[in-house]
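Asker: This is what each chain is made of:
There are 2 protein chains.
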Amino acid sequence: MTGIRELAQRLNLSIGTVSRALNGKPDVNEETRKRVSDAAAAMGYVPNQAGRALRKGATGIVGFMMQTGSQITGEGDVFFMSVFDGVQTVFARHKLDLVALLCSSEEDPDAYMQRVVARGFADALIISATKRHDHRIDFLHSRKIPFIALGRSETDVGHPWLDLDFEGMAETGVSRLVAKGHRRIGIFAPLDDTNLGFVFIDAYRKRLESHGIAFDPDLIFRAHPNERGGHDIAHAIAAMPEGQRPTGFLLTNEAMTLGFYNGLYEVGLPPGEKLAIIGRDSPQAHFLLPKLTSFHLSLRDLGISLAESLLASMPEYAEMYPYGTVREIVPLELLEGDSDAMCADQAGP
Amino acid sequence: MTGIRELAQRLNLSIGTVSRALNGKPDVNEETRKRVSDAAAAMGYVPNQAGRALRKGATGIVGFMMQTGSQITGEGDVFFMSVFDGVQTVFARHKLDLVALLCSSEEDPDAYMQRVVARGFADALIISATKRHDHRIDFLHSRKIPFIALGRSETDVGHPWLDLDFEGMAETGVSRLVAKGHRRIGIFAPLDDTNLGFVFIDAYRKRLESHGIAFDPDLIFRAHPNERGGHDIAHAIAAMPEGQRPTGFLLTNEAMTLGFYNGLYEVGLPPGEKLAIIGRDSPQAHFLLPKLTSFHLSLRDLGISLAESLLASMPEYAEMYPYGTVREIVPLELLEGDSDAMCADQAGP
Numbered sequence: 001m002t003g004i005r006e007l008a009q010r011l012n013l014s015i016g017t018v019s020r021a022l023n024g025k026p027d028v029n030e031e032t033r034k035r036v037s038d039a040a041a042a043m044g045y046v047p048n049q050a051g052r053a054l055r056k057g058a059t060g061i062v063g064f065m066m067q068t069g070s071q072i073t074g075e076g077d078v079f080f081m082s083v084f085d086g087v088q089t090v091f092a093r094h095k096l097d098l099v100a101l102l103c104s105s106e107e108d109p110d111a112y113m114q115r116v117v118a119r120g121f122a123d124a125l126i127i128s129a130t131k132r133h134d135h136r137i138d139f140l141h142s143r144k145i146p147f148i149a150l151g152r153s154e155t156d157v158g159h160p161w162l163d164l165d166f167e168g169m170a171e172t173g174v175s176r177l178v179a180k181g182h183r184r185i186g187i188f189a190p191l192d193d194t195n196l197g198f199v200f201i202d203a204y205r206k207r208l209e210s211h212g213i214a215f216d217p218d219l220i221f222r223a224h225p226n227e228r229g230g231h232d233i234a235h236a237i238a239a240m241p242e243g244q245r246p247t248g249f250l251l252t253n254e255a256m257t258l259g260f261y262n263g264l265y266e267v268g269l270p271p272g273e274k275l276a277i278i279g280r281d282s283p284q285a286h287f288l289l290p291k292l293t294s295f296h297l298s299l300r301d302l303g304i305s306l307a308e309s310l311l312a313s314m315p316e317y318a319e320m321y322p323y324g325t326v327r328e329i330v331p332l333e334l335l336e337g338d339s340d341a342m343c344a345d346q347a348g349p
Numbered sequence: 001m002t003g004i005r006e007l008a009q010r011l012n013l014s015i016g017t018v019s020r021a022l023n024g025k026p027d028v029n030e031e032t033r034k035r036v037s038d039a040a041a042a043m044g045y046v047p048n049q050a051g052r053a054l055r056k057g058a059t060g061i062v063g064f065m066m067q068t069g070s071q072i073t074g075e076g077d078v079f080f081m082s083v084f085d086g087v088q089t090v091f092a093r094h095k096l097d098l099v100a101l102l103c104s105s106e107e108d109p110d111a112y113m114q115r116v117v118a119r120g121f122a123d124a125l126i127i128s129a130t131k132r133h134d135h136r137i138d139f140l141h142s143r144k145i146p147f148i149a150l151g152r153s154e155t156d157v158g159h160p161w162l163d164l165d166f167e168g169m170a171e172t173g174v175s176r177l178v179a180k181g182h183r184r185i186g187i188f189a190p191l192d193d194t195n196l197g198f199v200f201i202d203a204y205r206k207r208l209e210s211h212g213i214a215f216d217p218d219l220i221f222r223a224h225p226n227e228r229g230g231h232d233i234a235h236a237i238a239a240m241p242e243g244q245r246p247t248g249f250l251l252t253n254e255a256m257t258l259g260f261y262n263g264l265y266e267v268g269l270p271p272g273e274k275l276a277i278i279g280r281d282s283p284q285a286h287f288l289l290p291k292l293t294s295f296h297l298s299l300r301d302l303g304i305s306l307a308e309s310l311l312a313s314m315p316e317y318a319e320m321y322p323y324g325t326v327r328e329i330v331p332l333e334l335l336e337g338d339s340d341a342m343c344a345d346q347a348g349p
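Residue numbers (the UniProt record's numbering), protein chains in the order written: chain A, 1 to 349; chain B, 1 to 349.
As a list, the in silico BS3-like pairs of lysine-lysine whose alpha-carbon atoms are at most 27 Å apart:
(1) 291/A with 274/A
(2) 274/B with 291/A
(3) 144/B with 95/B
(4) 274/B with 291/B
(5) 291/A with 180/A
(6) 180/B with 206/B
(7) 274/B with 206/B
(8) 95/B with 144/A
(9) 180/B with 274/B
(10) 144/A with 95/A
(11) 180/B with 291/B
(12) 144/B with 34/A
(13) 291/B with 274/A
(14) 291/A with 291/B
(15) 34/B with 144/A
(16) 206/A with 274/A
(17) 95/B with 34/B
(18) 206/A with 180/A
(19) 274/A with 180/A
(20) 34/A with 95/A
(21) 95/A with 144/B
The hints are simulated quantities; they were obtained by calculation from the structure and are not laboratory data.
Generate coordinates for the entire structure from the input sequences, incorporating the hints supplied.
Answerer: Quick look at the structure:
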């Protein structure tokens, strides 16, 4: 690769002049700038990231770590792309670039994170899918890398985070279903130790108890958070003895709904007719019949909050975003549909 | 940020020893290695990417440029996440990390690409959504950055590319529909100048002509490639005078199908009953009724081919992947469903 030295020699200019021309400084005349930029293109000159980072102490890049793999986002992602959109809206103001750091599901997230930091190409990080105990949080804190977590964790180093209001979804969801006479309310939970699983189950359990309903672990349905997982849960429900089946269901993952609906039709338990459902809003959900009663939030706005809260924690940007350390639960809005209109006594086969 | 110099001073070791310890060289004893690594963690030492890149001439990172924004992937992406999965399978063999370079739809892709290259943090790039004339290809070639394109382009610098067999989809799709008596066959095309739009329309037109059917530009339906776009096309079809509507439809984008189905039900033209449809397979498509006749390919395998073909073009890896410059059209497999079983004379309201 051609460096700035070779470029300067070829043009018979000083390294300083070439550097100023390449960096768009105003004290270089247009003709020189054009000569330099043409020569840079012809010679395959690549301004080195490393050199820039060393000089300015900033790469201009923020990484968003997300997990990939056929069981996670391998069948399409309906969540992160909208969040990215919001994050980029904020970063564009500061000429920061967002890159998605794709951690394969076959890899240990902690080891991946250490490698990301060792490569050192980002100024700051956004992490997601926080685990109940998350080593990445300790690690980033120890390395003094600015970061924000999408998702709470028991691991708390006083870092900024945003999370969805899983407690609110449990409370509103259980109360709505109980009001229609449901006492056997099923929920989805992830297969791994993602923190949101624990948070939601805890809140669901508390809300049941406040209605005098005993917690039944058989009503927690664990599956992959994708279409197939939704389909599998429908079949798992049908396989239960009739009296033990849930008559209502809270599905807090938006990617599973279509498969869940379809699976319920297959097993003769049509959604909204034989099983009351409250789910999460998504672009797909708008095309379901019966209309899904769902919890909605603007993922773009969530992305904007994530980005602004991250910048608020970075000294270079804190003045523009004087929010301190943001640790915030984002509420969701209930959109009324028809999928939970039935009463408990209509349920069953 | 603490550098290696401060770390060495604090430990009273030479910079060379600290560097060897941090890089896992075998000539450093275990006790020293532990001392160095503990101190590095305590002092927030970050090995600098730039320094590494300068030393080894490699960042270990490959960037995959994709467009984001609510009209593109902002409503969820069912394609790229699976492709990433395949790419990562190959890269894991070489300890290469894949990062997604997210170019906002509000930004010029050419300017974005120039900035990505200026930041210089990736060894190689994968570009997608190639335009009919694509400046990124010229630019990457001029800068001597190894890259592969997912999608053909008229801009050809002899670079490697992979593309889906849009000609094959047009030929098989048109022939299947013509065999059922259809002569008014609608197609979807993108709103922008993505090359696949041109390629598909050309092939569709040729195939129609081989059957003696005149090309009618009113049967090209342009829309955003998402659920909403599919829904809009259904309404656009219903708004046409009856005799001018298509009786069959080729929908080559997989993200639009659910919205298309739903829109057709809304306007009283049930899919497979009043309009014959051939689409693209996706995880969502499996849950549609009537079952979608669709073109299928393994996106994971596509990702694997992309990664291997890129590595084949890089001197460091060419020996392991002796494929030369890969320029290949990937065939799709037809999955028979029920959505195109009806004959043309059953169409209409």
